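Visitor: Put chain B on the given structure of chain A with help from the hints.
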Amino acid sequence: MSEENKQALGGGEFIIKDTDAMDIFIPEEFGEEQKMIGQMCTEFLAQEVVPVIERIDAAEEGLMPSLLEKAGEMGMLGISVPEELGGFNKNFVTSMLTTEKLGAGYSFSVALSAHTGIGTLPILYYGTEEQKNKYIPKLVSGEWKAAYCLTEPNAGSDANSGKTKAKLSEDGKNWVITGQKMWITNAGFADVFTVFAKIEDDDNLSAFIIDAHSEGITLNPEEKKMGIKGSSTRQVFFNEVKVPVENQLGERQIGFKIALNILNVGRIKLAGAVLGGAKETMDQAINYANERNQFGRPISKYGAIKYKLSRMAIKIFASESAVYRASQNIDDKIHSLIDSGMEKSKATLKGIEEYAIECAVMKVHSSEVLDYVVDEGVQIHGGMGYSAESAVERAYRDSRINRIFEGTNEINRMLSVDMMLKKAMKGTLDLMGPAQEVVGELMGIPDFGSGNESELELLHKYIKNFKKAVLMVAGSAAQTLMMSLAKEQEILMAISDMLIETYVSESVLLRVEKLQKTEGESEMNTLKMNAAKAYIYEAADKINILGKEALVSFAEGDELKMMLMGLKRFTKQDPVNIKELRRSIAEKMIAENKFIF
Amino acid sequence: MKILVAISKAPDTTSKISFTDGDTKFNEAGVQFIVNPYDEWYALVRALELKEANGGSVTTITVGGADADPIIRKALAIGADNAVRVDATPSDAYFVASQISEYAKDKEYDLVMTGKETIDYNGSQVGGLVAGMLDLPYLPNISKLDVAGTTATAEREIQGGEEVLETQLPLVLSASKGMAEQRIPNMRGIMAARAKKLEVIPAASGEALTEIIDYSLPPAKSAVKLIDPENAADLIELLHSEAKVI
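So the protein sequences, as listed, match chains A and B.
Last residue of the first sequence: 597 (this note's numbering), numbering continuous.
Last residue of the second sequence: 843 (this note's numbering), numbering continuous.
Read the hints as simulated data drawn from the structure, not as lab findings.
As the structure is a prediction and not an experimental result, all values here were calculated from the model.
Hints may contain errors.
[To be verified] Quick partial rundown of chain A residues pointing at chain B, CB under 7 Å, derived from the structure:
(1) GLU32
(2) MET36
(3) ILE37
(4) MET40
(5) GLU43
(6) PHE44
(7) MET74
(8) GLY75
(9) PHE88
(10) GLU592
Idealized CB from N, CA, C, for every residue including glycine.
Just chain B, same shape as in the assembly:
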């Protein structure tokens, strides 16, 4: 089984988010970057489990600069066989998807996997776009995946229940929580990662369809106002004039 897993770097969840250049750039100073958890814990680990059960190979692909190398090597330490980095700034989902599909189109992957979203921009677009560009079936938000022969059975949560899907390989899917358990890279994996191939390739032609104009933080939670039970009139006044709900 030949599997391609798209992984990207994302800020650690405890990072303090701020912006520079007049709120037009995300301030990376002091931010710890990790492998996007949906890409790592679910897509990559399930890919490795499938490889361990069925044989084959797992390649990771990342669109990004050399600053993405540490997270790529972590993926190699977890167990991916080799990695590809498309040397370009991941400007938007369309651009990233076009780079991944350009790389994957003639390599006959059985499975192309990615996380259901990155935890920074939460676009949830790359998987679907890649599937479209490669003209393959797309299974989004998958929480369980089994493969028997060339038949894939997948589960995903839907409103009020679960949906079971069946389709034929090759396919593209995006992984959500539950597909696999986190794997911590062990010493052997970390040492082996050094010897694994991280191929850097130039970007294929492609364009970004969107650009970010500016950023802003969510409004801070305002303090709770306590009103004495004696003064019900004040409450009505506030609900009317401030909260504007009555």
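If we strip away everything but chain A, and leave its shape as in the complex, we get:
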């Protein structure tokens, strides 16, 4: 389908509208150049990073910055940066692919993501021409390394409550910054800090670009962490640090907005990066299961192991489908804004902001998929997985932070529902109309189906029903609880999880549908279809349980009874032999000795 005919959905609209499978981007469609860029990243990790991973995790002085410089020489630090600033001006999907491939680099990928993401983007998106020209080319080349100073000891999730202050010097030439920042990635070697502070008694943060070697800046020693031990994480103290007034980034008090917008990008990028890590662990688990013999045969021959391997693969496949679907939505939005005359950095921000719900949703899903994958990865390795000599042990420890940084998964869950309801209240997303329709349907006679739907039609019906379940629960919760819903976080989290499962289920279905339509039948496409079916099958039960949890928490009497009946109807599926679906995928991976999707 041509670009012009694409029916692009706005952010969050997936819950009330259908998407044509031909309109989404699927990873099978990467072009030759994109594949070559991806391969560059994989080869770079294999050649430069993996051989020294022990030294990286021992925080060997100078090693991480030298690797970032090498990455800069390769061009990896400026994939989507405009060419006039030393970058390669690639689209969002391409930069997502590099993020994913480099995501298999343990601590290195954290340092690199922090540098290229939260380190570089605030200046790229909000900087003046002078600021961009001064900093971006050196950040892209790796000559300067960047860090982002937002979090404080008492301002984590509640970032805007930071106490770091900026006041104007008497001569009016400098801002004088004083305060304490915590958990600052790359702090140990960064040359440039983007620092958030409140000017005078402002309510909101402002942002400043600060030379990390300025007088008055001191660092605490490296934090001792559970994982990503090679990533430099330190506290940074600012004691009357003088910053030239021209280094203020953006207008006064828009720092919090900068921080939030940068986090939107960070969230979807994190979702991509963890997929790279998950695929790496997946390969290691398959390899080990094929090599390890017990009771006279490889443990991969056992159903218990096949069950694990297949569920790991299915979750990765589904999450990947949604991450790239959202990435292409963002790309399309950016391009349409540029076409209508908006400047690129502004268009990029707006494009990502439009899909902030999807960004939050995917941050949660992918990071939890990674945690599942590394957990089962260790389990498949048995005692060897508990040994610090195994790669899965490192992966297990390194994974955990992903549910915490870039906004905890709890904050992101709350945000995803909150943003959706706000869009509804602003009138940009018509939630209530469709929610009313669902209530109307509850009163009517259930649709039993014709009984001769095709497999795809049936699966699409399930997804439609998932959406109805979300609309019913979210709609009635909003109506019943109104303003107090915000305080009912248990209910919000359940709704959010329903939303996540629905988005991912739909994405994986659209992917396999597009593959069937464009590539036709093949062994691989059958296996991908099996993965989609298995994912959706599990999602139905999850949505059912989550919906019940939410409904019984606020509804009562006949209304509750009716909605519980509706929920049952919306999550009902024809039985499938889930064991056989999973086995088909596991057995192919075992035969190929690698992740196959």
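Guide: Same frame as chain A, now just chain B:
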């Protein structure tokens, strides 16, 4: 210095090898293809190093269909100046060598380089055949190559030691491990590859002298048999009747 490097596509080393059509064809479904490592890491990269030191140009040549284009563009991304693809199925070493020599014969290359073998068919014939057809000296399995003026000094491993060879350009050589370090194409190289010329030429007349009748996988390793030390007689029996060594 004018250098021609013959590169071919080969299955990635992690590929699962299987056959179709009654074991008469290699099953390419799901196989990831790469630049044959001996062609890429050693021959091409050393060619680029020589060009960087002495000036000149590096052209790659491949005999194959359009499915070889991705690996050719990778070679361009690594740094080759331009590429030629002879549009024909690389049916056997003699055919491939005749195509390469036909292309190279009137172009006055100082060096024609290739990997010591492809990692799929491991024929190790193309370099020697090309040298024969072009009537040039041939240095096989070279692990180190230096050029000063028109004199080439090359090293190769031989049984129990190393041999140092010296000859005059032009020459043909095949590269083995150690001649250069792998180069990962960077963003600049990848972007530049798009603008470089990949010329597709029709095959010259030539014939294949061999054909593949069928394929088979190496026999699977059989399981180890453990014999209780008490039963030495069983061991002798097995060595005699099964292993047939005594």
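Visitor: Per the CB criterion, is GLU592(A) less than 7 Å away from chain B?
Guide: It holds, given that the least Cβ distance between GLU592(A) and chain B is near 5 Å, below 7 Å.
Visitor: Is the hint on GLU32(A) kept, meaning its closest Cβ partner in chain B is under 7 Å away?
Guide: The hint holds - GLU32(A) has a Cβ within 7 Å of chain B, the shortest such distance being about 5 Å.
Visitor: Using the nearest Cβ pair, does MET36(A) come within less than 7 Å of chain B?
Guide: At 5 Å from the nearest chain B Cβ, MET36(A) passes the 7 Å test, so the hint holds.
Visitor: For the hint on ILE37(A), does the least C-beta distance to chain B fall short of 7 Å?
Guide: 6 Å, holds
Visitor: Double-check GLU43(A) for me: the hint is only fine if its C-beta lies closer than 7 Å to a C-beta in chain B.
Guide: 5 Å, holds
Visitor: Could you check if MET40(A) really has its C-beta closer than 7 Å to a C-beta on chain B?
Guide: 6 Å, holds
Visitor: Hold the hint about GLY75(A) up to the distance rule: shortest CB distance to chain B must be less than 7 Å.
Guide: 3 Å, holds
Visitor: Holds or violated: the hint that PHE88(A) contacts chain B, with Cβ atoms closer than 7 Å.
Guide: 5 Å, holds
Visitor: Is the interface hint satisfied for MET74(A)? The criterion is a beta-carbon contact with chain B at less than 7 Å.
Guide: Result: holds, 4 Å to nearest chain B Cβ.
Visitor: Go through the hint on PHE44(A) and say holds or violated, using the shortest Cβ distance to chain B against 7 Å.
Guide: 6 Å, holds
The earlier numbered hints are all upheld by this structure, with none contradicted.
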